[in-house]
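**Q** Heads up: the sequence shown begins at 71 in the numbering used here, then just goes up one per residue.
Where hints are given, some of them may not hold.
Said to hold, decoys possible - Below 20 Å or equal to it, Euclidean Cα-Cα: the simulated EDC-like pairs (lysine to aspartate or glutamate) are:
1. Lys-251 x Asp-218
2. Lys-251 x Glu-229
3. Lys-251 x Glu-241
4. Lys-251 x Glu-273
5. Lys-251 x Asp-210
As the list claims (entries may be wrong) - Here are the simulated distance ranges between beta carbons:
6. Ala-433 x Pro-220: 52 to 62 Å
7. Asp-218 x Asp-359: 21 to 31 Å
8. Leu-224 x Pro-110: 44 to 54 Å
9. Ala-253 x Ser-416: 20 to 30 Å
10. Ala-291 x Ser-227: 35 to 45 Å
Read the hints as simulated data drawn from the structure, not as lab findings. Note that beta-carbon positions come from the ideal geometry of N, C-alpha and C, so glycine has one too.
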Amino acid sequence: MTADLLLTGARVVDARRDLPDAWVHVRDGLIAEVGSGTTPHAEEILDLDGAILTPGLIDLHVHGGGGHAFDDGTDAITAGVAAHRRHGTTATLISLVSSPLDVLRRQLSVVEVARRSDSRILGVHLEGPCLSPARRGAHDPTVLGVPDAPFMDLVLSAEPGLIRQVTLAPELPGALDAITKLAARGIRVAIGHTEADYALTREAIARGATLLTHALNAMPAIGHRRPGPVPAALDDDRTTLELILDGVHVDPAVARMLLTAAPRRVALITDAMAAAAHADGDYRLGDLDVHVVDGRALLDDGVTIAGSTLTLDRAVRTAVLDLGLSASDAVGAATAVPAGALGDASRGLIEPGMRADLVAWDADWRVQRVWLSPSS
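Based on the provided sequences and hints, a complete structural model is requested.
**A** Below you can see the structure in the form of structure tokens.
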């Protein structure tokens, strides 16, 4: 990206605005000005000819892409992240599935190496191993555990800022105390892969949990007498609900209901595994075999969904074109909402001072070009 760049002729869309015939001035990797009408001076001017311009997308929950699993080493992380970047994702929270603690410790070291060379790798989301065996989904049941002293030592002794998010089931022994301790250290705790009811979910939120991992999946359904964790999260404005908008994990009608019930609190995620932005075939998710047919990832049982092959641009496109969400709300669900969930004030909006990670889209919401801010 040029140090002094003016993007003109754009429809600028973020969570706060939908501004036609607008311009964005980028200087030294940051947004300097946004407006319409008279343009400022810049060393380079690029006319976007009516393209939609949004902030770069932020994925809180992704395990791989482009044929690469994020637990396969630094090169796999680099290649997988690059595959998603071509689809507009400019900030990635690397998600690791349940594994033995010694394996997770090695994987954390690998992500730390990758993070040091790429500021758009935001850190790690540990999705397990402190999950309910009854709601384990595509997690190896032999490695599941509880948030005991060895697990807490693994998390709390990690490099500062490396582990940003932990998913756990609050009904496990010691889980509520673990939530309190993790939240006190600034680590986001997500409730997921759980049998928790409404009351226990509320208690977990009161202890400091602020996210619901892939809402409606791997948890009790919404019942009219037993509401479960989703209504508990909907009832508390402190909580962000992850949503996999691929048409497989959640029916579009239910997804629309969730987005309507919690405006600006639903974060679109991919939960993508290696086959995202790649081809059908046989893959691995952790130590489990995954078969991808027609873009649908399943374990050997032919029933259990093993992540998705979604890219975040497709989720935004689905939200706008199929669910009828406003452009600002759809874009916000993949930018400002996840940034807010992580407490990241440098990303997610096209505002002065923000990082100039930007995406240009055509009128059908397909990515045309991605700009990455060189700022650290």
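**Q** Looking back at the hints listed earlier, which ones does the structure fail to meet?
**A** Violated: hint 5 alone.
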